[in-house]
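Use the sequences and the hints to build the structure in full.
Quick note, the sequences are listed as chains L and V, same order.
Going by my numbering, 659 is the number at position 311 of the first sequence; the sequence numbering is gapless.
Going by my numbering, 303 is the number at position 253 of the second sequence; the sequence numbering is gapless.
Everything labelled a hint here was simulated from the structure, so no lab data went into it.
Incorrect hints may have been included.
What follows is a list of derived Cβ distance ranges for each label pair [unchecked claim]:
no.: 1; chain 1: V; residue 1: LYS134; chain 2: L; residue 2: ILE939; range: 43 to 49 Å
no.: 2; chain 1: V; residue 1: GLN92; chain 2: L; residue 2: LYS652; range: 53 to 59 Å
no.: 3; chain 1: L; residue 1: LYS844; chain 2: V; residue 2: ASN297; range: 56 to 62 Å
no.: 4; chain 1: L; residue 1: LYS898; chain 2: V; residue 2: GLN326; range: 33 to 39 Å
no.: 5; chain 1: L; residue 1: LEU712; chain 2: V; residue 2: LYS134; range: 36 to 42 Å
no.: 6; chain 1: V; residue 1: TYR170; chain 2: L; residue 2: PHE1085; range: 51 to 57 Å
no.: 7; chain 1: V; residue 1: GLN131; chain 2: L; residue 2: ARG687; range: 27 to 33 Å
no.: 8; chain 1: V; residue 1: GLN326; chain 2: L; residue 2: LYS815; range: 57 to 63 Å
no.: 9; chain 1: L; residue 1: LEU712; chain 2: V; residue 2: GLN326; range: 48 to 54 Å
no.: 10; chain 1: V; residue 1: GLU206; chain 2: L; residue 2: ASN969; range: 38 to 44 Å
no.: 11; chain 1: V; residue 1: ASN297; chain 2: L; residue 2: LYS1080; range: 57 to 63 Å
no.: 12; chain 1: V; residue 1: GLU316; chain 2: L; residue 2: LYS844; range: 46 to 52 Å
Simulated pairs of lysine-lysine, BS3-like, Cα-Cα distance not exceeding 25 Å [unchecked claim]:
no.: 13; chain 1: V; residue 1: LYS207; chain 2: V; residue 2: LYS235
no.: 14; chain 1: V; residue 1: LYS321; chain 2: L; residue 2: LYS935
no.: 15; chain 1: V; residue 1: LYS134; chain 2: V; residue 2: LYS186
no.: 16; chain 1: L; residue 1: LYS618; chain 2: V; residue 2: LYS84
no.: 17; chain 1: V; residue 1: LYS154; chain 2: L; residue 2: LYS692
no.: 18; chain 1: L; residue 1: LYS911; chain 2: V; residue 2: LYS154
no.: 19; chain 1: V; residue 1: LYS186; chain 2: V; residue 2: LYS76
no.: 20; chain 1: V; residue 1: LYS120; chain 2: L; residue 2: LYS682
no.: 21; chain 1: V; residue 1: LYS76; chain 2: L; residue 2: LYS886
no.: 22; chain 1: L; residue 1: LYS886; chain 2: V; residue 2: LYS281
no.: 23; chain 1: L; residue 1: LYS688; chain 2: V; residue 2: LYS120
no.: 24; chain 1: V; residue 1: LYS209; chain 2: V; residue 2: LYS184
no.: 25; chain 1: L; residue 1: LYS898; chain 2: V; residue 2: LYS281
no.: 26; chain 1: L; residue 1: LYS907; chain 2: V; residue 2: LYS281
no.: 27; chain 1: L; residue 1: LYS752; chain 2: V; residue 2: LYS120
no.: 28; chain 1: V; residue 1: LYS154; chain 2: L; residue 2: LYS688
no.: 29; chain 1: L; residue 1: LYS943; chain 2: L; residue 2: LYS1089
no.: 30; chain 1: V; residue 1: LYS52; chain 2: L; residue 2: LYS886
no.: 31; chain 1: L; residue 1: LYS692; chain 2: V; residue 2: LYS120
no.: 32; chain 1: L; residue 1: LYS564; chain 2: L; residue 2: LYS652
no.: 33; chain 1: V; residue 1: LYS187; chain 2: V; residue 2: LYS52
no.: 34; chain 1: L; residue 1: LYS893; chain 2: V; residue 2: LYS281
no.: 35; chain 1: L; residue 1: LYS907; chain 2: L; residue 2: LYS951
no.: 36; chain 1: V; residue 1: LYS84; chain 2: L; residue 2: LYS692
no.: 37; chain 1: V; residue 1: LYS84; chain 2: L; residue 2: LYS752
no.: 38; chain 1: V; residue 1: LYS321; chain 2: L; residue 2: LYS940
no.: 39; chain 1: V; residue 1: LYS184; chain 2: V; residue 2: LYS217
no.: 40; chain 1: V; residue 1: LYS360; chain 2: L; residue 2: LYS968
Keep in mind that this is a model prediction, so the values were computed, not measured.
The beta carbon of each residue, even a glycine, is placed where N, CA and C say it ideally should be.
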Amino acid sequence: MQILNFTVDSALLRELGEKLVETVHLALIELVKNSYDADATEVQIVFTQNVEGKSEIHVIDNGKGMNFKTLQDYWMRIATNNKENVSVSPIFGRPLTGAKGIGRFSCRRLGGYLKLITSGTENNRSVGFQNEIQYTEVDFPWLEFEPGTDVTKIECRGQTKILQNSSTGTILIIREIADEWNLRGYNWLKRQLSVLSANTGTKREGYVEDPGFTVKILAPDFEGGVRDIREDFMESGWGTLSAYINDDKQIVCDLNALGLGKKSIISNIKLTHLNDVSLKVAIFVDKRDQMRDTSLLSLDSLEKILPEWGGVQVRFRNFRVYPYGDDDWLDIDKDRGLRKASPKNQLLAFAQKLQGVDASRSLLNMMSMRSYMGNVVIGEKAIGFEMKLNREGFVASDAVDELKIFARFAIDWSTILRDYYLRQQSQLQTQKALFEFEDVLHRKIEPIKAVEAAVNYLEREVQLITKTLPEGERIETEKSFLKATEVIKRHNESNKAELLHLRLVASTSTLLLIFSHEVKSLLGLLEDSKNSLNNIRKDVNENSKESLLKIADGFENLKERLKELLGLTSLVGVDYRKARAGNIALKDRVIKVAKVFDLITKKYNIEIRYNDIPNNLVVKNILEAELYSILLNTVSNSIKSVIAGGNQRVINVQASRESGLNKILIMDTGLGIDESNYEEVFIPFISDPTGNLYNKLEQQINPEDSIMVGSGSGLGLGIVKEIILAHEGSIKFINPFEQWKAVLEIKLA
Amino acid sequence: MKFIWIDDNPERIISSNNLAASLEIKCDFIDVNKQDVGEIIQNLLKDEEPELIIIDHNLIDSIPNTNLIKKGSSAASIIRQQWKECPIVCFTGMEPSIVDSQEKNIYEEMYPIENISNYYAEIHSIATSFNEIKRKKPESINSLLTLLKCPIIDQEKVKAIIPKNLKENFHDGGLIIEISNWVRKTLMSRPGFLYDELWAATLLGLNETGFEKVKDTFERAKYTGIFSNDKNPRWWKSELINILGENVNSPGLPSHRGRLLERITEDDYSKCHATQEAFPETVAFVDESRDSVAVAIKLRETILHGGYEKLLYFDEIRLMAPLQ
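Here it is, written out as structure tokens:
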């Protein structure tokens, strides 16, 4: 009897390599996964050239490496696998990621030659610096594994030795590189690597705490420099948020985000118990159009990363503190569940200033806690943080409470800005659609009439189409169509009304709104003082009674004056959903506006006339606050002009009905405006085209009084024009007549 | 009389003392700043029921996180469960229009903190009226009319407009609250049976200065029933016309005859706010805004106010018509 043995042709190695590992990019990923599974905390991938100018790939990790026996018995024995019976890595307990037994084929797939250098311990279950390690170096000349040769007969030369005081790890040097590398594949590689590098550290029961996994790529042919995949990944989402506490104990936040660029804010609140604290968080949105770098980030990778690694972790003196980041310690998901919509205090004021943002709902776009990925870092100098005995979290303290306020302030601020970004995007989309529609119609359309124009266009088109239908069907179709267009028109009208109010809120100083409650309490104190005086009056003699009455009356006058002012600001503080546009009598409002400027008009001897306004002249379908905004801005401009102009200081507000419209004239004896600037003064931020007004005003007005008539931001007339246009009215300067130097004409329904 | 003032702002003790001194009553101030409101109310309810409770609408400076009572309305609901007939009024620094109606309705009234003294008389009237109703609890429509001191000529009409839920529930625990709401918020607020100063003056063809001159003559017409108060008086319309007849023996509309009253000069005549014409027939708001003022005006210069429903026997609430 004869014994027959199988032999293995070397061609099998190449065959298996190509079948099992389809591309070079996949091959490299497999090698990095092996590093991950070997409990490495860092892997470096270097695309380089040797002295002969030939390309090489080096994969260097600091994992547990292999000792000689493992290399011999497993790595070099085809179809064996030392991972077969385990599902987690030995040291950190990481769920294994690599495909079984693929590593050696991946090396073969990547190039024609491999030098494997590995350092492992005798038990092959330790990482890092060791007293004694086994160092092994083997060359694999894959090109010599030619078809026709027996794979077991080819010699792979190597050496092994014991090293004292050295670190574990593996280095793969791959030469004779396959010529398949391209940018697309490289980007795919980065996306895959980002999933692995998302491991920022965790703790698994029964294992050593996992410090995380960093992937660094040095690829001069693609991007140059060293790329830290995690760093790049953090910059690839919608935005990157960072924050710290400054010397004044305020929170300083910076956001670098898609469509917004860099934004900053400094908090009014001071966190007196915090120092040496910082935050860096990447904000991920699961929408491709809200990613800054799609070469690194994909929906697929986000799906894998966020559920496991998303969350704001806390690092205290370089160590992660659990369970922060695994739990909802910032109450993000809790507030989302409660549909918390409105920010408070400074952030509310901030949101109110952003065009298009509904401040009271600006937090509704907050994402789940897992969408915020990063760390709050508590440094060496921080005090007030003490770990609990079980090492799970901090003992309660003022500093811990403030840490939460710190992180939430930054996240809430970024959420408001994201809301702003979404509004801006939506406006851009609308604008784009409008341009396209203008092309269809071959004419310009005012944005405010876009929906009407579109509906009219559709009506015409539908009429053309329905003409071909039988009578009954035509009537039915037209009826349904009319109903549908009616819904669109009505919806459009209600949106316009809401927009109007938002525009107004954005234009108004928010300071008094926020503090109106406090100001009212102060008015209450004035009221108390007055009432106390009145009560004391009962017990004093007649002379003192008189004096006390005068003082009490003075308090009452002061209180009423402040109340009037507050009343105007509180108009815009009213919840806009409860505010309703209606018919507003003009004269009463002009009288109130004149009263607002009472102090300054008396001081500078300015006369405001309004007797020519009919009592029953009513501005239709307008919010009271809008009418005040129009009057306050225009009258304050006239006040500035008459002060700057010197001489006779008269402002006259006249109104009449003409051709079904209210015509309001605001005339003054101030500096006047050159006809060439009639249009320019309405352009935002050009408050004084010639520079004449504010120069002269500065000479005439006490600096402390300038605040009473506004600082000349250049927004006032622009806002007034927007309000008036939104009401289909008009505003323009006309050539002055009689003694007037400037005449502003407003027409409103 | 004893009032209780519940507030999370300790400084308001001054307001409480002023109120007590002005109305010559006793007012206990309960400071709930950094306190558990729920616990304080539990203790309060063990004591004797006061004549009236004043509460701050925002109690946010009570102890955080330990109780759910952060608003005066929540505290008021708890108090009402035990003291069903105790009037509760609220002071607030908030704009009343932004407070939800559900919360507002818990209180008898909601007043702005910065104008407390303007409402002393009204608060006093609420407390004394509640006392009076408790003493003479109406058990029929007629006994309610007695509390209103309703002129005989108006009685049948008033009977017709008393809400059904009030007529049918004279033994209900919340009867006083129902009466208070209807009398103050309908009978006294809507012109019809009772007129305020402007309506009364306009009825007599006078402006408010003119009416001031002849007020004494019409003293008998003044409403003195429950919830009346001198700071914001009302007059029975029927009595105004009656007394006018007694004093001016000449035929014609009341607005024409009113001008024949003694001491009245041309300056006292009312004029239409829109056209300056004589004999404005009605009163209307100048516009639809929240703080709109009412003016005497010719009926033809007005339109119906869309914000008010029509009520039987009451005058229509009208708006000045825009100039065309």
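Hint by hint, work out which the structure violates, then give me just those numbers in ascending order.
none
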